[in-house]
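Engineer: Chain by chain, the residues:
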Amino acid sequence: MMFEPFVDVVPSFFGWLNQGPLTLTIFLHTVIILPMFWIYKQEKARIEREG
Amino acid sequence: MAKRSVWSDNRFWQRSAAWVTGFASILLIWLTFDTSAQISMGTDADLQNGVTKRVPAPTVINYKITYEMDTVRGHEVPVIGEKEMFFGRDDWSEEEAAELLHLGKLGSQSKNCMNCHTLLGNGAYYAPDLTKAWLDPAWGPEGSLQSMTGKSSKEEAMAEFLQHPSQYPTHARMMPDLGITAEEAQGLVAFLKHMSSIDTNGFPRNFGKIKGAVHGK
Amino acid sequence: MASNHLTGVGSESKQLATWYFTFAAILFGAQLLFGLVAAIQYVMPGFLFEIVDFSVARMIHINALVVWMVFAMFGAVYWLLPDETGIETVGIKIGKLLFWVFAGAIVVVVLVYLLVQVGPATESSIWLIHEGREYIEAPRWADFGIVVVALGFVFNLFATGMKGKQTGIVTVLMADMLAFAGLYLTGMFFTDNISVDQFWWWWVIHLWVEATWEVYVGAIAAYGLITMIGAHRKVVEMWLWIEVAMLFGSGILGLGHHYFWIGTPEYWWEIGALFSALEPLPLVAMFIHVLYDWGKTQGAEEAKGNPASVINNKPAFTWFVLNAFGNFLGAGIWGFFHTLPQVNLYTHGTQFTSAHGHLAFFGAYATILIGMMYMAVQGTNGIKVMKSTKSTIAATWMIAGGVMGMGIALTIAGYVQVMVSRAQMGATWAGYFDGQSGMWFAQAMDWRLFMGAVTMLGFVFLAKDLLSIGKATHHER
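Chains as they are written, first to last, in our numbering: chain A, 90 to 140; chain B, 2 to 218; chain C, 5 to 481.
No incorrect hints appear here.
Each computed SDA-like pair below joins lysine to any residue, with the alpha-carbon atoms no more than 20 Å apart:
(1) B:Lys65 - B:Asp45
(2) C:Lys238 - A:Tyr129
(3) C:Lys388 - C:Gln302
(4) A:Lys133 - B:Ser9
(5) B:Lys4 - A:Tyr129
It should be emphasised that the hints constitute simulated quantities derived from the structure, not laboratory data. Given the structure is predicted, the values throughout are model-derived calculations rather than measurements.
Go ahead and model the full structure; you've got the sequences and the hints to work with.
Structural biologist: Next up, the structure:
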């Protein structure tokens with residue numbers, strides 16, 4: 090079975106993401122951290138422009 | 002000369018801080034909507050149709066509540082069973098039960114329960130946790146607390162204790178007299194019974210289940 | 005060396021700051037006094053029974069704690085604003101008026117706590133006596149007063165920040181204090197649903213002490229490093245932004261560690277555990293940051309052939325270093341101890357929490373706010389380099405040692421409670437009292453009382469020192 094069956098009282102999106110001890114939190118950490126790469130690239134370009 | 006690194010650039014960190022804070026806040030708000038929907042109080046119809054709610058309707062006081070191991074979820078959950086008398090009745094209407102719970106919740110705050118006891122584990126640590134107090138075997142038919150008050154039901158024993166706590170010391174540390182009236186005591190017991198029916202994800206673990214662990218008790 | 009903090013004489017904002025600090029110190033004394041009453045009651049349960057019961061003493065203990073910290077936090081902002089923005093604080097008259105409103109309201113609230121104590125189970129008890137919700141017990145009428153006072157404070161901060169120079173520190177404070185004031189609103193309603201009640205109650209408590217207050221401390225520490233050892237602003241502010249990102253990044257969703265057992269869904273186990281597990285990281289960073297900047301600045305001066313200490317306020321800097329370490333130890337280590345749900349299932353609602361509470365509030369907040377009080381003494385007395393007195397040293401050792409001792413004693417008490425009451429006895433009424441009667445628990449409570457008395461004595465030295473150190477003759481003026 091690919092996904093764990095849902096066991097909490099009420100089914101929900103976050104409850105579904107909670108497939109094991111780490112899935113939900115890894116997802117949330119990732120969506121928070123990933124856009125920082127984009128900020129990094131923008132700032133790098135700015136610093137290069139400013140020389 | 003080597004280029005200035007982005008990692009030592011204030012603007013990069015300022016923007017990152019703004020992003021992280023803003024997005025974490027948005028996630029929290031989203032989660033709050035999701036959770037709020039799940040912890041809103043159920044209705045009397047839910048109880049009659051056997052719909053499980055994390056926080057059941059106030060009319061849960063008409064039913065027997067037990068705390069049983071759920072093998073799927075891996076911890077204990079409150080189980081709402083058949084009808085049960087509460088202060089001599091098992092037909093408390095939605096309005097009556099809601100009114101009683103309202104009185105009890107107001108009482109729990111105005112009497113400052115939380116600055117000695119814990120409710121759902123939060124509060125002070127000077128007196129026992131009240132989360133599942135309703136399910137404590139000591140208040141049950143053969144329990145020491147019920148027999149101490151000389152009453153014949155759990156709810157009457159609890160109400161009696163709440164009205165005259167210093168007459169029934171259970172420890173050198175006693176509960177003070179807080180001027181709780183008979184009516185307020187009924188409300189408080191309803192509040193406690195309702196709280197014991199809330200699905201607390203298995204907290205406290207093994208409540209009232211262990212006998213003989215310490216000094217043969 | 006940085007000496008712009010010496011403008012204390014003549015600045016109305018700084019004068020107002022000293023008012024806030026004075027009232028904060030008085031409330032700090034009240035906090036310790038009622039804490040001592042509660043500690044005695046653990047050892048001698050009959051002490052003041054049905055006169056000032058544990059619930060009353062404890063309510064004043066934790067309310068005085070919250071309020072003295074808020075007062076000192078407002079004071080510290082009024083103190084640093086002229087230095088940071090380069091102008092006198094805007095709306096200082098409103099600030100002064102609000103100070104008296106706030107102080108007057110607090111006195112009335114405490115008197116009602118003490119003299120009325122409990123009321124009937126009615127709405128009017130909630131409005132007039134207290135709300136019976138740990139930490140934010142203030143009656144509803146006072147809630148509105150607090151909101152007005154906080155809005156006035158935030159207005160002054162924003163008006164000054166936008167008119168004067170808006171440094172990184174001021175920018176962080178503006179955003180942070182707005183959130184700090186706004187969050188209080190989420191704790192101002194009544195509901196019959198205790199799960200909903202506690203859900204929002206934690207929005208106030210957690211998002212204050214594990215998010216906005218921590219960021220506030222980061223900003224104050226940044227200011228202290230610039231003014232006390234002349235650290236480079238660019239470096240300090242870069243660290244500040246990193247700290248904001250890490251504190252809010254972990255702290256906001258770290259709120260989930262309060263949602264394990266209050267009726268909320270199981271997914272909070274995972275969110276709460278793994279975001280709050282990261283909360284110690286920024287605290288480690290802050291500790292390293294303070295020590296590193298200190299060593300770096302001192303080293304740079306020594307390389308220039310100037311071996312004198314770079315610290316221009318020894319007592320304040322001592323408290324700032326204690327803050328850096330105490331925040332990491334009390335909030336970070338002691339918090340992490342019991343933040344994972346599999347541990348928290350047994351530690352939740354035991355003296356473990358109390359141990360963490362004592363060490364964290366002291367380590368993270370009391371320390372740095374006491375440090376700010378010493379900075380105000382230096383500024384108002386026009387002292388160039390302020391040195392410690394015998395009282396400074398006695399107060400520092402006794403308070404820090406006393407709180408550490410209480411923290412350790414409560415941790416041991418917590419272990420007994422977890423083992424006996426929770427793990428073995430299943431958390432019932434009988435199980436609870438079995439745990440409380442254990443020898444280790446009883447001895448821990450004796451030690452807690454003793455260490456509490458040491459802390460109280462230390463406070464007496466602190467009060468004496470704050471009042472007299474400015475007049476001492478061994479400073480460089």
